[in-house]
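Got chain G; can you put chain F on it based on the hints?
What follows is each chain in one-letter form.
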Amino acid sequence: MLDKNAIGRASPPTLNEVEKGSIRRFAEAIGDYNPIYYDEEYARASGYPTIVAPPTFPASFHSAADLRELLGVGIKSLLHAEQGFDYERPIFAGDRIFVSTRVADVFERPGIAGKMDIAVIEDEGRDEEGNLVFRARRTLVVRASKETP
Amino acid sequence: MPSRTFQVGDTFTHVRVCDRYRPAYYAGASGDFNPIHIDPEVGRLAGFNGIILQGLCTLGWAVEAVSLFVGDPGRIRRVRVRFSRPVLPEDTVTFKGRVTALASDRLTAEVSATNQRGEPVLKGAVVEAAIG
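Protein chains in written order, with my numbering: chain G, 1 to 149; chain F, 150 to 281.
Extracted from the complex, chain G is given alone in its bound form (with noise of 0.2 Å):
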């Protein structure tokens, strides 16, 4: 069982400046050839600023979020059970974006070997001048492992 406190723990805003390489090297990962995240004319044709990120992007966001210190717990398996995004805008190229992590929620459910530990964990994407660019919750199977974080 988690530790209900864990709940609204949260780490502080973590700068995370979007590049046009992560951008690109981010779309091959997906295997995503849309010239909207390679080719800036492209984008511009396309009625954005510069180049687009894929949706998913902020997956690979950084924040100062240690999830055993978060948790209270170590951790011995991460499983991703469910995922949310919502989007206020589309992230694009030189885009500075300050993701701060809390603890939406932990709480047990039923599972095939007996009860699950489940975390929810959302982050929150804002920009410089503090306008909220997107939300990401997601929901993690939690195998704690005996020794303290």
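I should point out that these hints are in silico values taken from the structure, not numbers from a laboratory. In this text the structure is predicted, and so the values were computed from the model without any measurement. Be aware that a few hints might be false.
SDA-like cross-link-like pairs, simulated, lysine to any residue; straight-line CA separation at most 25 Å [said to hold, decoys possible]:
1. G:Lys20 - G:Leu132
2. F:Lys272 - G:Glu108
3. F:Lys272 - F:Phe197
4. G:Lys20 - F:Gly177
5. G:Lys76 - F:Ala176
6. G:Lys4 - G:Arg143
7. G:Lys115 - F:Arg234
8. F:Lys272 - F:Ala195
9. F:Lys272 - F:Arg231
10. F:Lys272 - G:Val120
11. F:Lys272 - G:Ile112
12. F:Lys272 - G:Arg137
13. F:Lys245 - G:Glu28
14. F:Lys272 - G:Asp86
15. F:Lys272 - G:Gly111
If you anchor each label on the Cβ, the simulated ranges turn out as follows [what the hints assert, rightly or not]:
16. F:Thr154 - G:Glu128: 31 to 41 Å
17. G:Val141 - F:Gly177: 22 to 32 Å
18. F:Gly158 - G:Glu128: 36 to 46 Å
19. F:Thr162 - G:Met1: 34 to 44 Å
20. G:Ala10 - F:Asp254: 30 to 40 Å
Here a beta-carbon is modelled for each residue, glycine too, at the ideal position from N, C-alpha and C.
Showing chain F alone in chain G's frame:
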């Protein structure tokens, strides 16, 4: 982008193959080096045959399916997904989408995905895109 009309019930399909190095590429690009995606031994300890693909890569493909259908990934506004089963190296994943709701400015699609054995990988993922 050329404007086009959409209708509830419109369908689309997208196919992606997870080659054996895909989890490593995705780890490098995303920073998700969870050993379950890199180390076959860790994958086996977790009850799989070896390594598994990052769920977010599978999701990236589902979102790509909708982006191709609406014609522009910059229009994606909302994504909700539950992973049924991981994608494994050498799997071929078929994404099937269907428009379930339309508003003047918003299209909602439901996407499901199965592997080559017909097993569900994603079920009832919801993706919303700005239109108009």
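The hints, checked one at a time:
Among the hinted pairs, Lys20 (chain G) with Leu132 (chain G) is consistent with the structure: their alpha-carbon atoms are about 21 Å apart, no more than 25 Å. Under the criterion of a C-alpha separation no larger than 25 Å, the hint pairing Lys272 (chain F) with Glu108 (chain G) is consistent with the structure, at around 22 Å. Simply put, Lys272 (chain F) and Phe197 (chain F) have alpha-carbon atoms about 20 Å apart, close enough for the 25 Å limit, and the pair holds. Restraint check for Lys20 (chain G) and Gly177 (chain F): the C-alpha separation of about 16 Å stays at or below 25 Å, so the hint holds.
Proposed proximity of Lys76 (chain G) and Ala176 (chain F) is supported: the alpha carbons are some 19 Å apart, at most 25 Å. At roughly 16 Å between alpha-carbon atoms, Lys4 (chain G) and Arg143 (chain G) fall within 25 Å of each other, so this suggested pair holds. About 19 Å separates the Cα atoms of Lys115 (chain G) and Arg234 (chain F), which keeps this hinted pair within 25 Å; it holds. Restraint check for Lys272 (chain F) and Ala195 (chain F): the C-alpha separation of about 22 Å stays at or below 25 Å, so the hint holds.
Distance check on the hinted pair: Lys272 (chain F) and Arg231 (chain F) sit about 7 Å apart at the alpha-carbon level, within 25 Å; holds. Distance hint between Lys272 (chain F) and Val120 (chain G) is fulfilled; the C-alpha atoms sit about 20 Å from each other, no more than 25 Å. Between Lys272 (chain F) and Ile112 (chain G) the alpha-carbon distance is near 19 Å, which keeps this suggested pair within the 25 Å criterion. Taking the CA atoms of Lys272 (chain F) and Arg137 (chain G), the gap is near 18 Å; set against the 25 Å cutoff, the hint holds.
For the proposed pair Lys245 (chain F) and Glu28 (chain G), the alpha carbon gap of about 22 Å is at most 25 Å, so the pair holds. Between Lys272 (chain F) and Asp86 (chain G), the direct Cα distance comes to roughly 19 Å. Compliance with the 25 Å bound is thereby established for this hinted pair. A hinted pair counts as satisfied when its Cα atoms are at most 25 Å apart, and Lys272 (chain F) with Gly111 (chain G) qualifies at roughly 18 Å. For the hinted restraint 31 to 41 Å between Thr154 (chain F) and Glu128 (chain G), the CB-CB distance of approximately 38 Å keeps it satisfied.
A beta carbon spacing of about 24 Å between Val141 (chain G) and Gly177 (chain F) agrees with the range 22 to 32 Å that was offered as a hint. A hinted range of 36 to 46 Å for the beta carbons of Gly158 (chain F) and Glu128 (chain G) is consistent with their spacing of about 43 Å. Separated by about 43 Å at the C-beta atoms, Thr162 (chain F) and Met1 (chain G) satisfy the suggested range of 34 to 44 Å. One distance hint, 30 to 40 Å for the beta-carbon pair Ala10 (chain G) and Asp254 (chain F), holds here, with the actual separation near 33 Å.
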